[in-house]
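With the numbering used here, letter number 110 in the sequence shown gets 110, and the count goes up by one each step, no holes.
Honestly, the hints are just simulated from the structure, not real lab data.
Some hints here could point you the wrong way.
Stated by the list, open to error - In silico DSS-like pairs for lysine-lysine, Cα to Cα no more than 25 Å straight-line:
hint	residue 1	residue 2
1	K8	K88
2	K88	K69
3	K88	K40
To be verified - Restraint ranges, calculated between C-beta atoms of paired labels, are given here:
hint	residue 1	residue 2	range
4	G52	H75	18 to 24 Å
5	S90	S39	29 to 35 Å
6	G36	L57	25 to 31 Å
Note that the structure is a prediction, hence the values are computed from the model and not measured.
Note that the Cβ used here is the ideal one computed from N, Cα and C, for glycine as well.
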Amino acid sequence: MNKRGLVKPPGSSKIEIDGKIHEFIVGDSSHPEAEGMYSKLDEIEEKLREEGYQPKLSEVLLEIDDEEKAFQLSHHSEKLALAFGLIKTSSGSEIRIAKNLRSCEDCHAFMKVISKTYRRDIIMRDRIRFHHFSNGACSCRDYW
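Working from the sequences, and respecting the hints, build out all of it.
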């Protein structure tokens, strides 16, 4: 792909909070509230593990160990945007995220579990379609 001059853009997700757009890229630590977001993600992942959620390690194509694959998945841009949204919005309010690429299977499953566990509706637009996650289900019926 690179030989032909084609370059895949980095995954990025945007969320609007109080009239301001916040953009996140994979593994982003440049945001002023990055420390709080990563703490929230750790808290979320611990809670979801207790609920039976397991990251879909097959989504990471790199030849690295499973622990590193789980780490890579946990830092996807939509998860960062979601953690920021959970921190900055009131309980029960809807969270809206826009992503520039197609969401991976792990992030899709993650959003479903979050919508049920945290009782939040999540609207996410990825490159292919709109997803409305509510009470553990997605409007795309897991076909995206």
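Evaluated hints:
no.: 1; hint: K8 x K88; result: 31 Å, violated
no.: 2; hint: K88 x K69; result: 28 Å, violated
no.: 3; hint: K88 x K40; result: 11 Å, holds
no.: 4; hint: G52 x H75: 18 to 24 Å; result: 22 Å, holds
no.: 5; hint: S90 x S39: 29 to 35 Å; result: 19 Å, violated
no.: 6; hint: G36 x L57: 25 to 31 Å; result: 27 Å, holds
When the structure is compared with the earlier hints, violations turn up for hints 1, 2 and 5 and for no others.
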